[in-house]
Amino acid sequence: MIEVDHLSKTYGSTSAITDVTFSVEPGEILGFLGPNGAGKTTTMRILAGYLPATNGTAKIAGFDVHENSLAVRQRIGYLPETPPLYPEMTVEGFLHFVARIKGISAGDRATKVTAAIERCNLQDKRRVIIRKLSKGYRQRVGIAQAIVHDPPAIIMDEPTVGLDPRQIIEVRNLIKSLAGTHTIILSTHILPEVSMTCNRVAIINRGKIVATNTPESLMTQLTGGSGYEIEITGETNLAKQVLQNVAGVSLVESISGNNLPRDNRAYLRVISQLGSEPGQDIALALVRAGFGLHEMRRVSATLEDVFLQLTTEEKNLPTEVNSAENEGEAA
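Okay, so the sequence shown: first residue is 1 according to full-length UniProt numbering, each after it adds one.
Hints were generated in silico from the structure; no laboratory data involved. These figures come from a predicted structure and were not determined experimentally. Some hints here could point you the wrong way.
What the hints assert, rightly or not - As a list, the in silico SDA-like pairs of lysine to any residue whose alpha-carbon atoms are at most 25 Å apart:
{"#": "1", "residue 1": "Lys135", "residue 2": "Leu85"}
{"#": "2", "residue 1": "Lys135", "residue 2": "Gln123"}
{"#": "3", "residue 1": "Lys112", "residue 2": "Arg100"}
Produce the entire structure from the sequences given, and follow the hints as far as they go.
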């Protein structure tokens with residue numbers, strides 16, 4: 001449904017994205033994950049037809065986003081980080097306006113608008129002025145304008161930024177309800193949203209794709225799926241330096257202690273490399289370095305661990321972490 005092939009965008013001598021390649025299958029939700037400034041919005045704007053690429057191609061439903069931009073725009077719904085709303089219009093009036101712009105015939109317009117309102121649970125707000133809506137409801141209106149023409153593909157850029165926890169859950173459930181009948185790219189830097197919403201993940205860092213796969217497979221491939229939480233007596237940064245030199249250790253980070261603060265206590269999370277069991281070496285290294293080891297327990301790796309491993313500048317990133325389809329081709 002969506003195919004991105006060696007996409008690059010430069011501004012003078014500055015590269016925003018370089019050789020970006022990924023695909024999204026029909027009915028799938030792909031989480032496009034990366035730190036701020038990694039190239040997420042640039043990629044989304046190219047796919048939506050708002051920005052030309054310097055090199056490479058992108059196709060949606062078989063149409064090239066540059067050569068067939070009108071056909072592509074008819075087949076996508078786009079929700080930028082700030083929804084393009086007219087605050088003085090009613091919800092229903094605004095959606096009728098968008099439907100007309102999208103080329104929906106007058107005879108079908110009312111049906112399409114009603115369907116979008118119902119899909120986004122806006123029935124009670126259809127005649128409310130948009131500026132009077134809460135941010136959560138405005139976000140729903142933004143999603144409604146993206147789906148009013150029933151496009152096969154939807155691109156969403158940071159759809160839950162600025163929402164409170166209840167609003168995040170509501171928008172998340174709405175996005176999940178769109179899967180199957182729509183193919184969705186969800187660009188975000190909020191890790192829990194990816195874990196709870198997306199079928200697959202593409203991680204971009206400094207303009208380059210560094211991994212694509214399911215969240216579960218990434219956690220297994222890159223970390224072995226496990227790690228350790230450790231409580232020690234001693235200086236945190238020094239302990240991290242010691243642990244980063246232990247064979248089989250992939251990532252070391254500070255965490256908050258579960259108990260009340262105690263003098264000179266440090267709490268660390270250590271993620272192991274795939275196929276390694278460095279627990280004994282970790283304990284030995286800490287004791288030899290003079291740290292008091294109070295507790296050490298096994299924990300499961302998280303998507304946050306994967307994200308930190310792939311987007312930490314000091315790490316030696318893998319050339320690529322292939323998706324299952326690429327593994328199948330290599331077999």
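Right, here's what the structure says about each hint:
1. Lys135 with Leu85: With a Cα-Cα distance of about 12 Å, the restraint between lysine 135 and leucine 85 holds, given a limit of 25 Å.
2. Lys135 with Gln123: Given that 25 Å is the threshold and the Cα spacing comes to 17 Å, the pair holds.
3. Lys112 with Arg100: holds, 11 Å
When each numbered hint is compared with the structure, no violation occurs for any of them.
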